[in-house]
Amino acid sequence: MTACYTATAKALHWLMAILFFGLLALGFYMHDLPLSPEKLQLYSWHKWVGVTAFLLIWLRLVWRVTHRPPALPASMSPMWQLAAHAGHLVLYVLMIAIPLSGWLMSSAKGFQTVWFGVLPIPDLLGKDKELGDLLQTIHMVLNLTFVAVIAGHIGAALKHHFIDKDDILTRMLPAKSRGN
Amino acid sequence: MKRLAIALACVLPGAAQAVEYTQVQAEKSAIAFTYKQMGVAVDGRFRRFSSHLSFDPARPAAARAAFDVELASVDTGAPEGDEEVATRAWFNTRAFPSARFVSTGVRALGGNRYEVSGQLSIKGKTQEVVVPATFTAQGNSGVFDGSFTIRRGDFSIGEGSWAKFDIVANEVLIKFRITAAGK
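Here the protein sequences line up with chains Y and W, keeping their order.
Going by our numbering, the first residue of the first sequence is number 1, and it counts up by one from there.
Going by our numbering, the first residue of the second sequence is number 1, and it counts up by one from there.
Simulated from the structure, these hints should not be mistaken for lab results.
No experiment lies behind these values; they were computed from the predicted model shown.
Glycine is no exception: its CB is placed at the ideal position from the N, C-alpha and C atoms.
Please note: incorrect hints may appear among the correct ones.
FRET-style restraints, in silico, Cβ to Cβ [said to hold, decoys possible]:
#	chain 1	residue 1	chain 2	residue 2	range
1	Y	GLY117	W	GLU115	31 to 41 angstroms
2	Y	PRO174	W	ASP82	45 to 55 angstroms
3	W	GLY39	Y	LEU61	28 to 38 angstroms
4	W	ALA41	Y	LEU33	15 to 25 angstroms
5	Y	TRP58	W	GLN127	44 to 54 angstroms
6	Y	GLU38	W	SER147	29 to 39 angstroms
7	W	LEU109	Y	LEU33	39 to 49 angstroms
8	W	ASP82	Y	GLY117	20 to 30 angstroms
Pulled out of the complex, with its shape left as it was, chain Y reads as follows (with noise of 0.2 angstroms):
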C-alpha cells in the first residue's frame, strides 16, 4: 500500500497553494504603486482573498487533526524527520499569524476589512498608526519568512522527488488518492 493523502487534504493544499501565490504576488506589487483606483481596488482583493485563506487555514487545521498524513519514509533520518515537522509547523503558523497580521493592520490603518465588500470583519483593534505601521513591518517580516520557508518545502519535495526517488511529491499530487 502506498501512503496517500486524503482527497481533502490534497485539495485544501493546493487551493491554499494557489492563493497563497496570488496574495504573495499581490501584496508585493501592489504595496509600491502609486496610490490609484486600480491600488484600492487591489487592496481590497487582496484583504478578500486573505480572508478567505484565514478562514480555509482553521478548516486545514480540523482536517489535519482528524485525519493522520502518511508517514514520513523511514529512509528519512530523525534528524530530517524532526526537520521536516518542524517546517510544516512554522507554515501552519504563518499561514495563521500572516492573515492575522494583516487583519489587525487594516484596523489599526483604520481601514476596516469587509469581506467581498459585503460582510465587515469586526476592527479587533482601534485605529493608531504607530499600531498600524508596525504591523506592517510584522505583516512584511511574517510573509518574507513564509517565502524563505515555501521555498525551503518546495525545494525539500523536489529533492526527495530527483534525488531521494520516494514518494513524498507524488503522495500529494492529485492523481493518486485513497478516497475522502
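Fit chain W to the known structure of chain Y by using the hints.
Okay, now just chain W, sitting in the frame of chain Y:
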C-alpha cells in the same frame, strides 16, 4: 442695547434663556467626514476651519453661520490619501484653498432640531445644501451637531481616473460638532 437686554432678561422670565451663541470654540469643534471605498467606510476630518456664527435659540430665523474650511488641513485617514486629495484631480488646494458654507436661512423644526439652508462652495462650484442640526445648551456654551451628505461629483472632487464612483463612492457624509460660547 446690551445693558437693555440684560435688564430685560432680569425682568422677563421667558427671556432669561435668551443667549446668543457666537464664539466658536475650535478645540471643542470638529468637521469630519465619512467616505466609502470599495464598500468600506473610512473616516476623515479637517483639522482647521474658521467660522462666524450667531445663534439665539429664541430667534432661530435670525441665525447666521459661515464656515471656511482649510482643505489642505484634510486628514483622509491615510497619509498618502492626504497628499492625493490636495492635487488638481481632487481639491486642487493651490487654486481653491478653502471650502465655504454660508447659511441663507435657519428653520426651527421643533424641540432642539433645526434645518440650516445654505450655499456650499468647493473648488469653484456652489451647491444649495440643507443641513439638519440639533442644538444643545451646555452651561454657558451651546453645541450644534449634525450631518449631511454631499456628492463629490457635484464639486468635481476626484476627476480623471477617480471620476467613476465604483472605487470611491460619490456620496460623502459630512459630520460636524460646533461648540460656541454664549454672550
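Results for each hint:
no.	hint	in the structure
1	Y:GLY117 - W:GLU115: 31 to 41 angstroms	34 angstroms, holds
2	Y:PRO174 - W:ASP82: 45 to 55 angstroms	50 angstroms, holds
3	W:GLY39 - Y:LEU61: 28 to 38 angstroms	30 angstroms, holds
4	W:ALA41 - Y:LEU33: 15 to 25 angstroms	23 angstroms, holds
5	Y:TRP58 - W:GLN127: 44 to 54 angstroms	50 angstroms, holds
6	Y:GLU38 - W:SER147: 29 to 39 angstroms	31 angstroms, holds
7	W:LEU109 - Y:LEU33: 39 to 49 angstroms	47 angstroms, holds
8	W:ASP82 - Y:GLY117: 20 to 30 angstroms	24 angstroms, holds
The structure is consistent with each of the numbered hints, conforming to all of them.
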